[in-house]
Amino acid sequence: MNVMTLPRLIDLEDKTFDPFVVEKLATGDAEDPYPLIHELQAKGSVHKGGYRELFTDLPDTLHALNQYMVFNYDTLLRVLTDAETFGNRDAFMHTLGRSFGRTVSVMDAPEHTRFRKIFQQAFLPQTVAKWGASVVDPVVTDLMSGFIGRGEADLVEEFTHHYPFQVIYRQLQLDREQAPIFHKLAIAQILTSLDLPQGFEAAAKLGVFFQALLDQRRAEPGDDLISHLATVEADGERLPDEVLISFLRQLMNAGGDTTYRGTSALLTGLLMNPDQLEAVRADRSLVPQAIDEALRWEGPVLTTIRYVRREVELDGVLLPEGAILNMILGSANRDPTKFKDPDRFDIFRDRTVRHLGFASGPHVCIGQHLARVEMTRAVNALLDRLPNLRLDPSKPPPKLLGHKLRVPDHIYVKFDA
Amino acid sequence: MKRWMCMNCGWTYDETLGDPAGGIAPGTPWEQIPDTWKCPDCGSPKSEFDMVEI
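Heads up: the protein sequence lines correspond to chains A and B, in order.
My numbering puts the first residue of the first sequence at 43, with every later residue one more than the last.
My numbering puts the first residue of the second sequence at -8, with every later residue one more than the last.
None of these hints come from the bench; they were simulated from the model.
Careful, some of the hints might be misleading.
[Said to hold, decoys possible] Derived DEER-like restraints, expressed as beta-carbon distance ranges:
1) Asp56(A) - Asp26(B): 50 to 60 Å
2) Gly18(B) - Glu219(A): 50 to 60 Å
3) Gln331(A) - Ala16(B): 20 to 30 Å
4) Asp26(B) - Glu279(A): 18 to 28 Å
5) Trp28(B) - Arg352(A): 24 to 34 Å
[Claimed, not checked] What the simulated footprint calls covered on chain A by chain B, stretch by stretch (three residues with Cβ under 8 Å from a Cβ of chain B suffice, anywhere in the stretch; the number is not a length):
6) 154 to 163
7) 166 to 177
Fair warning: this is a prediction, and the values are worked out from it, not measured in the lab.
Quick reminder that beta carbons are idealized off the backbone N, C-alpha and C, glycines included.
Using the sequences and the hints given, assemble the complete structure.
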């Protein structure tokens, strides 16, 4: 246990600013972007223009750049795995780089290769598996105690919107009082992509906090994630503070927000298909394929971006050096040439073709193994402890919303208390 | 259980499954996989894999 005082977080100066509302505006409220995606996909893999502009007039920091969209599975896979031609740095410097700083998402090889390997040490399957019982289970049990005796719940408001973030708080050993400010600053910092001053203010305040946290854990290391990252080495090299702090800034969004959305999509898919829910309840060996199907069907992150490093032809379209590619992962995952009846949630579908829910290539999701542990623990706990879990027929069914990041506002359920 | 794992992304090679999409048939022992084969998740070369306990 660390005895040094944990650094205090400082709230945004403008207390009336609500980053959650603004973030909702930024991620959009599109009910179903897939008909338009299918329409464009059928016309060709590569289209001129920005993906975001298909759904909203709200400008972002990519708005003025030369943008293209990529829709088909094979083309996306080619781009994601060819980092020599399609880079990250000069694309993400306009988005994540503004929010988080010098994070691995904003790096290309050889710098990326070096740092990625060190970070991955902390997120290898055998490492994160240990956090299942020690970190994830206590969070899940604590949250479920709030509704387990009631016979009904909103699984978004009372469960999925909290548990991955609380897993991170436990890793940081953040006290309950500080958690709401932390969550607020973490969401506010991504609003640098809209050029809002509160985004830069939040990123700066989190940077001060994380530097103090690192100093504290280095002085008195524990068995938590921060202590591990502060001291982890690969090939004799440690992480510089600037890179480490940037990574920690990204953790809430990359590790919390995505798991919240992914778990919500998984529960939506299962609850909307009671036969599949029953199959998983009866046979928990089906949980991994249910998770993969949720990540394919409604992966939490529909798009990522890449930068064209040299003029290149892609599926008959000449891409100039410097162009930004909107990589529509959600489109690849519903490519009908790869997935039969792609709009259907089906945990029993053929899994020969790998989904791109975690992307692919050198920048494949670094936290995917932790996400799987969290989602597995969460769905098993819900099925174990909420008998006869079903959608509440008196309330609206869950509806996933958003064109870029997808999640339902509510999942109203009933169960035998 | 010991498996070969990619140190850059954590993907593990399961001999019984192989990597059919990558041209490796189910049942192929690790030693018989060519050095030109790449991790199907992140594209790292075979040399980036280590034997680990999972």
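Using C-beta distances, would you say chain B covers the stretch 166 to 177 of chain A, given that this needs three or more residues below 8 Å? holds (count 4)
For Gly18(B) and Glu219(A), compare the CB-CB distance with the range 50 to 60 Å and indicate the outcome. 56 Å, holds
Query - Trp28(B) versus Arg352(A) beta-carbon gap, inside 24 to 34 Å or not - result: 27 Å, holds
Can you take a look at whether the stretch 154 to 163 of chain A is actually covered by chain B? Rule is 3+ residues, C-beta closer than 8 Å.
With 5 residues in contact (Cβ-Cβ under 8 Å with chain B), the coverage given for the stretch 154 to 163 of chain A holds.
(Q) Verify the CB-CB distance for Asp26(B) and Glu279(A) against the hinted window 18 to 28 Å. (A) Given range 18 to 28 Å: holds, Cβ gap about 25 Å.
* Range hint 20 to 30 Å (beta carbons of Gln331(A) and Ala16(B)) holds or violated -> 22 Å, holds
Fill in: Hint check for Asp26(B) and Asp56(A) - Cβ pair distance inside 50 to 60 Å
57 Å, holds
In summary, this structure violates none of the numbered hints.
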